[in-house]
Amino acid sequence: MNLNTALRNQHRIYRVAALPVAAVLAFVLQTPGGLTWQEAVLIGFALAAAGELISLPAWYSCRIAPIDRAPLWRLLATHVVAAQLLSLLWVGLGKLIAHAVSFFPSMHGVEARFSERIAIVYGAGCVFYLLAVSFQYVSLAQETSHELEARAMQTGIQARDAELKALKAQINPHFLFNSLNSISALTSIDPSRARDMCVLLGDFLRLTLGLGEKTVVHFSEELDLLQKYLAIEKVRFGARLEMREEIQEESKSCLLPPLLLQPLVENAVKHGIAGLPEGGHVRLSAERQNGRLAIVVENSWDPDAPPRRSGGMGLKNVQQRLEARYGKDASLRVNTEGELFQVSLSLPAESEEKA
Amino acid sequence: MSSSLEKRWKAIIVDDEELARHVIREFLQSHAEIEIAAECANGMEAVKAVAEHGPNLIFLDVQMPKLTGFDVLELIGTDVPVIFVTAYDQYAMRAFDVHAVDYLLKPIGKDRFDAAVERAKTRLGEKMPAAADLAAAARPPQQFLERLVVKDGTKVTLIPVGKLDYAEAQDDYVALATQGKKHLKQQTIAGLEASLDPANFVRIHRSYIVNLERVVRIEPYAKDSRIAILSDGARLPVSKSGYARLKALIDERK
Numbered sequence: 003m004n005l006n007t008a009l010r011n012q013h014r015i016y017r018v019a020a021l022p023v024a025a026v027l028a029f030v031l032q033t034p035g036g037l038t039w040q041e042a043v044l045i046g047f048a049l050a051a052a053g054e055l056i057s058l059p060a061w062y063s064c065r066i067a068p069i070d071r072a073p074l075w076r077l078l079a080t081h082v083v084a085a086q087l088l089s090l091l092w093v094g095l096g097k098l099i100a101h102a103v104s105f106f107p108s109m110h111g112v113e114a115r116f117s118e119r120i121a122i123v124y125g126a127g128c129v130f131y132l133l134a135v136s137f138q139y140v141s142l143a144q145e146t147s148h149e150l151e152a153r154a155m156q157t158g159i160q161a162r163d164a165e166l167k168a169l170k171a172q173i174n175p176h177f178l179f180n181s182l183n184s185i186s187a188l189t190s191i192d193p194s195r196a197r198d199m200c201v202l203l204g205d206f207l208r209l210t211l212g213l214g215e216k217t218v219v220h221f222s223e224e225l226d227l228l229q230k231y232l233a234i235e236k237v238r239f240g241a242r243l244e245m246r247e248e249i250q251e252e253s254k255s256c257l258l259p260p261l262l263l264q265p266l267v268e269n270a271v272k273h274g275i276a277g278l279p280e281g282g283h284v285r286l287s288a289e290r291q292n293g294r295l296a297i298v299v300e301n302s303w304d305p306d307a308p309p310r311r312s313g314g315m316g317l318k319n320v321q322q323r324l325e326a327r328y329g330k331d332a333s334l335r336v337n338t339e340g341e342l343f344q345v346s347l348s349l350p351a352e353s354e355e356k357a
Numbered sequence: 212m213s214s215s216l217e218k219r220w221k222a223i224i225v226d227d228e229e230l231a232r233h234v235i236r237e238f239l240q241s242h243a244e245i246e247i248a249a250e251c252a253n254g255m256e257a258v259k260a261v262a263e264h265g266p267n268l269i270f271l272d273v274q275m276p277k278l279t280g281f282d283v284l285e286l287i288g289t290d291v292p293v294i295f296v297t298a299y300d301q302y303a304m305r306a307f308d309v310h311a312v313d314y315l316l317k318p319i320g321k322d323r324f325d326a327a328v329e330r331a332k333t334r335l336g337e338k339m340p341a342a343a344d345l346a347a348a349a350r351p352p353q354q355f356l357e358r359l360v361v362k363d364g365t366k367v368t369l370i371p372v373g374k375l376d377y378a379e380a381q382d383d384y385v386a387l388a389t390q391g392k393k394h395l396k397q398q399t400i401a402g403l404e405a406s407l408d409p410a411n412f413v414r415i416h417r418s419y420i421v422n423l424e425r426v427v428r429i430e431p432y433a434k435d436s437r438i439a440i441l442s443d444g445a446r447l448p449v450s451k452s453g454y455a456r457l458k459a460l461i462d463e464r465k
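Residue numbers (the working numbering), protein chains in the order written: chain A, 3 to 357; chain B, 212 to 465.
Next comes chain A alone, as it looks inside the complex:
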C-alpha cells in the first residue's frame, strides 16, 4: 500500500469516526458546571474535525516503531511523547476555537469554562491517539499478512513454472534409446520403415520442443504430438499396442497448456502396455460440451504390477499444472477399474476468441 492510498483510506475512516467522537466530546464538555449544550456541540464538532491531525501522525509513529520489532521502551516512549504533543496541540486548538466563539454574545465566557475542561479534553486526546495507534497496528498487521500471502502465491507460481520448464526439457531417455534401437533393427529388415521412423522421431522431438515454448496450444497440436508418439511406440511394441481414438471435431480448437496430455499418454504406454506380455490398448477421447472440454486417456494395465518407481509423479505434475492454470475450475480423476487404468480430465473449453 503506498502513502497516498493509505492517507486516503485514513481520511475516509476518520470521516466516519468523526461524528461519534464529536458527540462524545460535546457530552463531556457540557457536563454540569461546564459549557452549554450549544457551545459544547460547536467546539466538540470543531475539535473532532481537527482530530484527524491526531490520528494521521499515528500512521507515521506506528511505522517508525513497529510493534513486532521495536523494543518495548521505544514503543512506550514514541507513543507517550506523541500522545502528549498531539493532545497539547488539540487542547491549544480547542482554546483557540473557544476564544474565537467567545466573541458571540451568547457564548460569552466560554473561554474560561473551556479552560476548566482542559484536563478532560487532554485526556480524550490521549485516548483518541491511542485508539488511532491500535487501529494502525491492526491494519499494519493485515497489510503484512496480505503481503506474505501474495509473496507465497508468487513463489508457488514460480516453482510451478520451473517445474514445467524441467518437464518440457525432459524427453524420456528410455523412449529415445528404445526408439533408436528399433530404428537400428529396421535398417536391415525394412530400410524404408527405418526412414519413416527417423522422420516420426524427428517430428516428435521438434513438436515437443516447439510446443514447450508456448504457454497455450490448440488441442489439435497436442493431439498431433500424441499421435506421433504413439506411432513411434507402435513400431516398438508392434501388435502389443492397439490405439483407439474418439476425438470430436469441435474439441480440436480448444486451448490448453502444452504437453499436458503427453505425460499421461507416455504413462499409458510405459506403465500400461509395457507391463503386459500380450499388450493392450490406449484409448484417447476428447469431447467439447457445455463449455467444458472432457479428455480421457485410458489404457490396459496389470493391476498386480508393482507400483510405479516414480510414485505417480507424472500424474501429480499434471494435476499441479491444471491447478496452477485453472484453479478449482479443472479436475483430474483417476479410475482403476479391473484391468483398465483411466485418467479423466475436465477443464473449461477455452478457444481463441475468448482467450
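Be careful, since some hints might not be right.
Interface residues of chain B toward chain A, partial, derived using beta-carbon atoms under 8 Å [unchecked claim]:
{"#": "1", "residue": "Asp-227"}
{"#": "2", "residue": "Glu-229"}
{"#": "3", "residue": "Ala-231"}
{"#": "4", "residue": "His-233"}
{"#": "5", "residue": "Glu-237"}
{"#": "6", "residue": "Glu-250"}
{"#": "7", "residue": "Asn-253"}
{"#": "8", "residue": "Tyr-299"}
{"#": "9", "residue": "Arg-305"}
{"#": "10", "residue": "Pro-318"}
{"#": "11", "residue": "Pro-409"}
Note that these hints are calculated values from the structure, not bench results. Even for Gly, the Cβ is constructed at its ideal location relative to N, Cα and C.
Chain B: place on chain A using the hints.
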C-alpha cells in the same frame, strides 16, 4: 565348411520387443559358433527355455513385463553367463559396474556386442554375482522390494510383499509364508531382511522375519523369550533383541 559343426554355444535371447531381439539375432550371425536355442518375449518363457535348453549364454533385457531381468536371473540361478541389455537405467548400470557384470546399452553397437560375446566365452564357468545382490544394488536408494519371486520346479510364483505373513530361515533357504502356503526360496534370511521395508517387517528372531500387520499379540513364553501370535494363528518365537526391535517399531507407529 566346418563352422556349422562348431556350433557349440547355445544362446537364448530374452527381450519383450521383437525388433530388439532382431538386432541381437542379426549380430549373432557373424558368430558362427553360437546357435540361438530360443528367443523369449518375457521372463516366464525365459525361465522355461533355460530349463529346457541349458544355454551357455543369455542376452537378458532388464525392463520386461511381469518378470524383470533381475527376477529371471534370480530364478535361473547364476551358473550361466548373462549379458544384460538395457536402454537406460542409471541404477541398473551402476549395479552392473559394481558387480562387473557385462551389459549392453540400446541402441547396441556391433563392436561393443562382439566384445561382450568374447568376454562371455572366456568367462564360462565363472559364477555370476548373486542375483539378489545385483537386484538390491540396482534398486533406487530408499526403495524396498515390492514383490518376491519364487520358483517351484518350472512354476513361478510372484508374492507381493504385502501378502507375506512371515519368513523362516531353513538352512540355505527361506520359507515364505503367505496365505496359508509356504514357498521355499534360495536366499539368506539376512539378505531378505535387507530388501524388505523395515517399517513393515521386523526380524523378531534369528530365524524369523514377521510382517508387522499380521501380529495380533505377543505372549510371554519363558524367561527372556516370547511368542508372537499372528492373525492366522501361527505362533512364532520372539527373542529378547527381537522383542526390543518389535517394540520400538510398534512405539514408532503409535
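Against the structure, the hints:
| no. | hint | result |
| --- | --- | --- |
| 1 | Asp-227 | holds, 7 Å |
| 2 | Glu-229 | holds, 6 Å |
| 3 | Ala-231 | holds, 6 Å |
| 4 | His-233 | holds, 4 Å |
| 5 | Glu-237 | holds, 6 Å |
| 6 | Glu-250 | violated, 13 Å |
| 7 | Asn-253 | holds, 4 Å |
| 8 | Tyr-299 | holds, 5 Å |
| 9 | Arg-305 | violated, 15 Å |
| 10 | Pro-318 | holds, 4 Å |
| 11 | Pro-409 | violated, 18 Å |
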